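Enquirer: Chain by chain, the residues:
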Amino acid sequence: GAVVSQHPSWVICKSGTSVKIECRSLDFQATTMFWYRQFPKQSLMLMATSNEGSKATYEQGVEKDKFLINHASLTLSTLTVTSAHPEDSSFYICSARAIAQETQYFGPGTRLLVL
Amino acid sequence: AQSVTQPDIHITVSEGASLELRCNYSYGATPYLFWYVQSPGQGLQLLLKYFSGDTLVQGIKGFEAEFKRSQSSFNLRKPSVHWSDAAEYFCAVNTGFQKLVFGTGTRLLVSP
Numbered sequence: 007g008a009v010v011s012q013h014p015s016w017v018i019c020k021s022g023t024s025v026k027i028e029c030r031s032l033d034f035q036a037t038t039m040f041w042y043r044q045f046p047k048q049s050l051m052l053m054a055t056s057n058e059g060s061k062a063t064y065e066q067g068v069e070k071d072k073f074l075i076n077h078a079s080l081t082l083s084t085l086t087v088t089s090a091h092p093e094d095s096s097f098y099i100c101s102a103r104a105i106a107q108e109t110q111y112f113g114p115g116t117r118l119l120v121l
Numbered sequence: 394a395q396s397v398t399q400p401d402i403h404i405t406v407s408e409g410a411s412l413e414l415r416c417n418y419s420y421g422a423t424p425y426l427f428w429y430v431q432s433p434g435q436g437l438q439l440l441l442k443y444f445s446g447d448t449l450v451q452g453i454k455g456f457e458a459e460f461k462r463s464q465s466s467f468n469l470r471k472p473s474v475h476w477s478d479a480a481e482y483f484c485a486v487n488t489g490f491q492k493l494v495f496g497t498g499t500r501l502l503v504s505p
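For the record, the sequence lines run as chains A and B.
Just so we're aligned: the first sequence equals residues 7 to 121 in my numbering.
Just so we're aligned: the second sequence equals residues 394 to 505 in my numbering.
Derived by calculation from the structure, the hints in this document are not laboratory data.
The model shown is predicted, which means the values in this text are computed figures rather than measured ones.
You may find that some hints are simply not true.
As the list claims (entries may be wrong) - List of simulated lysine-lysine pairs, PhoX-like, C-alpha gap at most 20 Å: (1) A:Lys61 - A:Lys20; (2) B:Lys492 - B:Lys442; (3) A:Lys72 - A:Lys26; (4) B:Lys492 - A:Lys61; (5) B:Lys454 - B:Lys442; (6) A:Lys70 - B:Lys492.
Working from the sequences, and respecting the hints, build out all of it.
Expert: Written as structure tokens, this is what we have:
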């Protein structure tokens, strides 16, 4: 149980285009989903917290207009990187937390390369 | 502010030897503590967690961790390391605001 998937697993795009990453909880309902960014050989940095049916809460320094988050259902959250630039290239990982639970379960990550 | 310290950036252990990865946290109240493992290019897998009760917790893959309040520590241990245990290990604390604060990670290398 507690499986979280991400799609796509990797994506290459041209500078200036937008990329959407999906995060799904497959066998549980997630009231809260989290989006992290991880640079090579570094730890995870929380970008935003996404609660179903409400606006996401972004961490300081994260541009909400650039990283659009939608959490339309209890099993799906999406992260859209708008007008992507090479510096947005990174490994993006989502996690999901079930109702009344403290544990976060992580997806396998999406590697984004912006050319 | 809450923080997690993993003092060892990388550790090399011989296969079959015992392992201890250190984790210290800074938090005023009793924290929820986690250990996750990440293989290269993969997401994080939960190894074990501590919320309350018995301070020695058992996890998957033969790992265990001990919560020591007096030392603000939550060290991860395994009695006999396997080559497949080579990965990055992250300690994390839930501060009560739903968010996880991660340590910088410890890379485990397993030598033959």
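Enquirer: Regarding the pair Lys492 of chain B and Lys442 of chain B, is the alpha-carbon distance no greater than 20 Å?
Expert: Roughly 15 Å between the alpha carbons, so the hint for Lys492 of chain B and Lys442 of chain B holds.
Enquirer: Keeping to a limit of 20 Å between CA atoms, is the pair of Lys70 of chain A and Lys492 of chain B held or broken?
Expert: Satisfied, since the Cα-Cα distance of roughly 18 Å is no more than 20 Å.
Enquirer: Does the alpha-carbon distance linking Lys72 of chain A and Lys26 of chain A stay inside the 20 Å limit?
Expert: holds, 12 Å
Enquirer: Need the status of pair Lys492 of chain B, Lys61 of chain A: alpha-carbon distance at most 20 Å?
Expert: holds, 16 Å
Enquirer: Can you confirm whether the C-alpha distance between Lys454 of chain B and Lys442 of chain B stays at or below 20 Å?
Expert: Roughly 14 Å separates the two Cα atoms, so the pair holds.
Enquirer: For the pair supplied as a hint, Lys61 of chain A and Lys20 of chain A, is the alpha-carbon distance within the 20 Å limit?
Expert: Since the Cα atoms of Lys61 of chain A and Lys20 of chain A sit roughly 28 Å apart, the hinted pair is violated (cutoff 20 Å).
In the structure shown, a violation is registered for the earlier hint numbered 1 alone.
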